[in-house]
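Novice: Sequence:
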Amino acid sequence: MIKVCLLGLGRTGKEIAKVLLEEEDIDLAFVVCSKDSEKANRDLGEVLNISNTGINVIEPDDLEGYILKYKPQVAIDFSKSEAAIENAKILSKMKIKIIIGTTGFNELQHKKLVNLARENKTAIVHAPNITVGVNVLMTLTNIAAGILQDYDSTIIESHFKEKKEAPTSTAKKIANEIVKGHAYEEKINNIDINSIPILSVRAGGIVGRHKVIMAGEHDKIEITHESFSRKAFALGALRAVRFIVDKIGYYEMDDVLNLKEIMNKFSERSIFVNQMEN
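If you read the sequence shown in the UniProt record's numbering, its first letter stands for residue 1, the second for the next number, and so on.
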């Protein structure tokens with residue numbers, strides 16, 4: 001049984017809470033809402049419109065006390081970026097493993113997370129791109145960029161109209177995968193992350209959609225990932241919980257999904273098949 005606490009009870013946080021409650025190997029100890037939220041001091045079931053759970057929804061000021069009382073092993077944080085950094089300082093010092101799905105960190109904040117994991121000898125998974133499918137998209141994009149050196153790349157990210165971050169951290173990470181893909185060849189094109197156009201669409205209730213277009217003179221390739229519901233984020237968070245519980249260090253979602261090893265095995269298998277055919 002893995003004891004977990006959840007920080008952030010917005011749209012995605014609610015979906016994560018529902019998924020955690022369904023899992024037999026997960027014990028959801030408590031949930032933290034934003035300061036002065038009407039959700040505070042209520043049973044989680046009431047907030048989720050389900051039967052009572054016996055799980056308290058608390059304000060951030062009570063975090064340390066509840067950690068000492070319930071002793072969670074893992075914290076999932078989907079609060080705002082400023083709050084997530086402060087939460088990480090508290091949680092890492094108390095040796096709690098942390099999964100951060102919050103977006104919008106700058107480079108300095110990102111380095112802070114890396115240092116917190118190392119200094120406090122705990123584990124942090126920073127996964128603004130927490131869905132399984134979008135991480136596969138990144139891997140495919142990296143491979144395609146390495147092959148299609150002379151193609152022009154564009155990224156289109158679409159989300160619900162209230163989403164403020166534009167472009168998303170995920171879109172920027174996809175752009176970085178394109179840059180890394182180009183760097184595999186000795187005849188490197190002069191390309192950097194700022195030269196890749198990222199178009200942001202904010203409309204209606206779109207949960208999340210990332211499309212990569214690679215266009216040449218005579219054809220194009222499109223790679224698209226779309227989340228149909230926020231349960232995709234919740235299932236990614238669940239995989240991260242099971243991954244991090246016995247880890248120390250700083251990780252990202254490709255570590256959780258073991259994508260590097262999978263790609264290495266794929267390459268080895270391809271070489272073996274080619275040798276057999278020849």
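No wet-lab data here; the hints were simulated from the structure. All residues carry an ideal CB built from backbone N, CA and C; glycine is no exception. Certain hints may be false.
Only pairs whose alpha carbons sit at most 20 Å apart, straight line, appear in this in silico PhoX-like list of lysine-lysine [unchecked claim]: (1) Lys-247 - Lys-231; (2) Lys-121 - Lys-80; (3) Lys-18 - Lys-3.
Pair by pair, the computed Cβ-Cβ distance ranges are [to be verified]: (4) Asp-43 - Gly-249: 32 to 38 Å; (5) Lys-35 - Asp-219: 51 to 57 Å; (6) Lys-180 - Glu-22: 33 to 39 Å; (7) Ser-81 - Glu-226: 20 to 26 Å; (8) Glu-22 - Asn-258: 30 to 36 Å.
Novice: Evaluate each hint against the coordinates.
Specialist: Verification of the hints:
1. Distance check on the hinted pair: Lys-247 and Lys-231 sit about 25 Å apart at the alpha-carbon level, beyond 20 Å; violated.
2. For the hint linking Lys-121 to Lys-80, the alpha-carbon distance of about 24 Å lies beyond 20 Å, and the restraint is violated.
3. Distance check on the hinted pair: Lys-18 and Lys-3 sit about 15 Å apart at the alpha-carbon level, within 20 Å; holds.
4. Separation of Asp-43 from Gly-249 is about 36 Å and conforms to the stated range, judged on CB atoms against 32 to 38 Å.
5. Under the hint 51 to 57 Å, the C-beta atoms of Lys-35 and Asp-219, about 53 Å apart, fit the expected range.
6. Restraint check, Lys-180 to Glu-22: a C-beta distance of roughly 37 Å satisfies the suggested window 33 to 39 Å.
7. Hint check: Ser-81 to Glu-226, Cβ distance near 24 Å, so the stated range 20 to 26 Å holds.
8. About 24 Å separates the C-beta atoms of Glu-22 and Asn-258, a value inconsistent with the hinted range of 30 to 36 Å.
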